[in-house]
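Protein sequence lines correspond, in order, to chains P and X.
With this note's numbering as the guide, the letters of the first sequence map in order to residues 1 to 273.
With this note's numbering as the guide, the letters of the second sequence map in order to residues 274 to 534.
Any given hint could be a false lead.
[To be verified] Capping the alpha-carbon separation at 25 Å, the derived lysine to any residue pairs in SDA-like fashion look like this:
id, chain 1, residue 1, chain 2, residue 2
1, X, K495, P, A243
2, X, K495, P, C238
3, X, K495, P, A138
4, P, K103, P, R117
5, X, K495, P, R188
6, X, K495, P, H256
7, X, K495, P, G257
8, P, K172, P, H208
9, X, K495, X, L384
10, P, K172, P, Q221
11, X, K495, X, E367
12, X, K495, P, K172
13, X, K495, P, P248
14, X, K495, X, L406
15, X, K495, P, V242
16, P, K172, P, R188
17, X, K495, P, E235
These are computed hints drawn from the structure, not numbers from a lab.
All figures in this text were calculated on a predicted structure; none of them were measured in a lab.
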Amino acid sequence: MAHAVISCLHANLAATEAVLSDIEQLGIDRITCLGDLVGYGPQPNEVVELIRARQIPSCQGCWDEDIIEGLNSCECSYPSQLAERRGQRAHHWTAAQLSEENKAFLASLPLSLRRDRLLFVHGSPNSQHEYLLPDMNAFAALERVEAAQADTLFCGHTHRPYVRELREGVIKLRLHRAVANPGPDIEREVDLPVRRIVNAGSVGEPRHGGTSATYVIHHEQDDSVEIREVPYDVERTCQAIVAAGLPPLFAWRLRHGFEYAERADDASHVCER
Amino acid sequence: MTRVLLISGPPGCGKTSWILNQLQAHRGPCGYLRLEGFTAAELQQAPDGGIDRAFLVDQCPGLLDLAEPGENPASRPQDLLALIELPQWQAPPEAGLAGIDPRLLPPLEALQLLPQRHLSFGRDAELPAQDTLQFNALEAWSLDLTHSVWDPPSLNSFWFELVNGAYGEVYRAKALMNLPDGRSFFFNWIVSQEGTQFLPLERVAPPVGRPQRMSRLVVQGKHLDAAGIEATIADGLLSDAVLELQQAPQRPFGAPLPATR
């Protein structure tokens, strides 16, 4: 049995429809969404309503949270003043467009979903705003999965799909006795089984060097993961961006396989606001 | 004896870089003059606004400004090397001095700067030719950015978008841009080359308020989206408050605050 994991739809209806159609053609009827249904793209209501209509279990992304909470993330999430200004414009536009019903739906989304030893989050188990980049420090990456008591952690947020296996994880502990409590030091060594981080990439705002939408399929039978790339009508979304009055530069960037705004570089930053 | 050379060529062919090399190689006093050139049908001259001169003066301290109103030809040093830069779309019809556009002669005569040699990119083999492009139509657009200071990552993004076609078909772009730490960079890009030349100016302004030196952007291309460029620039420039926030830690304790404008 297989299930599909999608993430970061970013109000891109053409991309979302193409990915759902691809999943349907593969005969997969179980889908999990990792959030960021809205933000930057021109069809926030349409995308949210499509996910609701298909009853796809979703967790809340950073954009979904910000639309409800009102720019909850701090300015250090943005790599530049230019990106921040553009992001805020997109935020205000999206907040004005979204129906109250759809906002209520986004507000109701959980921060994580769990199925046995599989955990589904937007950014990391710590926060929707934390980036788990593929080259993140191995110990930190292992800690995120282990602390969440998962074997496989499915995440999005970075917009770059990848599968990272964390092998031969060992945690060594040494407890040194205080002077007031003399005795030999205690040492323990814990061997960790293989852990895995699977990033689903992005449906609506890919950043893998091309314009195709990406998502992943998890084949439960052999526990393998397949990264899928789905071409879609990029021009349709670009025209909708311009027609909606969003910055035309968003269309230019999407057309060239760049993010709507610049990508954030700080993988370790977790917004604490 | 003063040696006067006229260097002409189309946008981005390397006139200023070649002139810089000559100035740096010359052991005696040097002077520089930039002529505006003539707009041909469908081919607008770029309003340079002094970018090239400011860059050369920074790289060659003591460079004589031959366009300076008070500059006295009689007091020029004997062994002066005077280089005149002329943007010119087409290679001159004839080689050497005979190829000089006659419209240039009266003003040059008034400055007592009649060239002894004329070298043209695309015509004279002793000049490099790899970026000497032929243009049929070209719009020009420029923006004075004096007193403006960029958020550095925003400048990086803006330049990437500019030279990759986000604001129209850009064939040539150059600029002098200020950063909050007092540095200024000369940006030099032409469509025929892969990357941009980013050259830091030698002179660094103190991190106290807005720099007084010139800053400007010049773009040449087709279907240029001037409004889009200006909107992005407005989003990438620092306000007084943010500039002060970035500069304050770089000043010695007790240093005077910037004057309020």
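Going down the list of hints, with the structure as the test:
A threshold of 25 Å between alpha carbons decides the hint, and for K495 of chain X with A243 of chain P the separation of about 24 Å falls inside it, so the pair holds. Distance restraint check for K495 of chain X and C238 of chain P: the Cα-Cα separation of roughly 22 Å lies within the 25 Å cut-off, and the hinted pair is therefore satisfied. Between K495 of chain X and A138 of chain P the CA atoms are separated by roughly 49 Å; this puts the pair beyond 25 Å, and the hint is violated. For the proposed pair K103 of chain P and R117 of chain P, the alpha carbon gap of about 30 Å is over 25 Å, so the pair is violated.
The hinted pair formed by K495 of chain X and R188 of chain P fails the criterion: a straight-line CA distance of about 69 Å is larger than 25 Å. This hinted pair checks out: K495 of chain X and H256 of chain P have alpha carbons roughly 20 Å apart, not beyond 25 Å. Restraint check for K495 of chain X and G257 of chain P: satisfied, since their Cα atoms lie roughly 23 Å apart, inside the 25 Å limit. Pair hint K172 of chain P plus H208 of chain P does not hold up; C-alpha atoms about 37 Å apart against a cutoff of 25 Å.
Distance check on the hinted pair: K495 of chain X and L384 of chain X sit about 35 Å apart at the alpha-carbon level, beyond 25 Å; violated. For the hint pairing K172 of chain P with Q221 of chain P, the CA-to-CA distance comes to about 33 Å; that exceeds 25 Å, so the pair is violated. Taken as a hint, the K495 of chain X and E367 of chain X pair is broken in the structure, with Cα atoms around 30 Å apart against an allowance of 25 Å. Distance restraint check for K495 of chain X and K172 of chain P: the Cα-Cα separation of roughly 64 Å exceeds the 25 Å cut-off, and the hinted pair is therefore not satisfied.
For the hint linking K495 of chain X to P248 of chain P, the alpha-carbon distance of about 18 Å falls within 25 Å, and the restraint holds. Restraint check for K495 of chain X and L406 of chain X: the C-alpha separation of about 15 Å stays at or below 25 Å, so the hint holds. Between K495 of chain X and V242 of chain P the CA atoms are separated by roughly 21 Å; this keeps the pair inside 25 Å, and the hint holds. Restraint check for K172 of chain P and R188 of chain P: satisfied, since their Cα atoms lie roughly 6 Å apart, inside the 25 Å limit.
Using a Cα cut-off of 25 Å, the hinted pair K495 of chain X and E235 of chain P holds, with the two alpha carbons roughly 22 Å apart.
In this structure, the earlier hints numbered 3, 4, 5, 8, 9, 10, 11 and 12 are contradicted, and the remaining ones agree with it.
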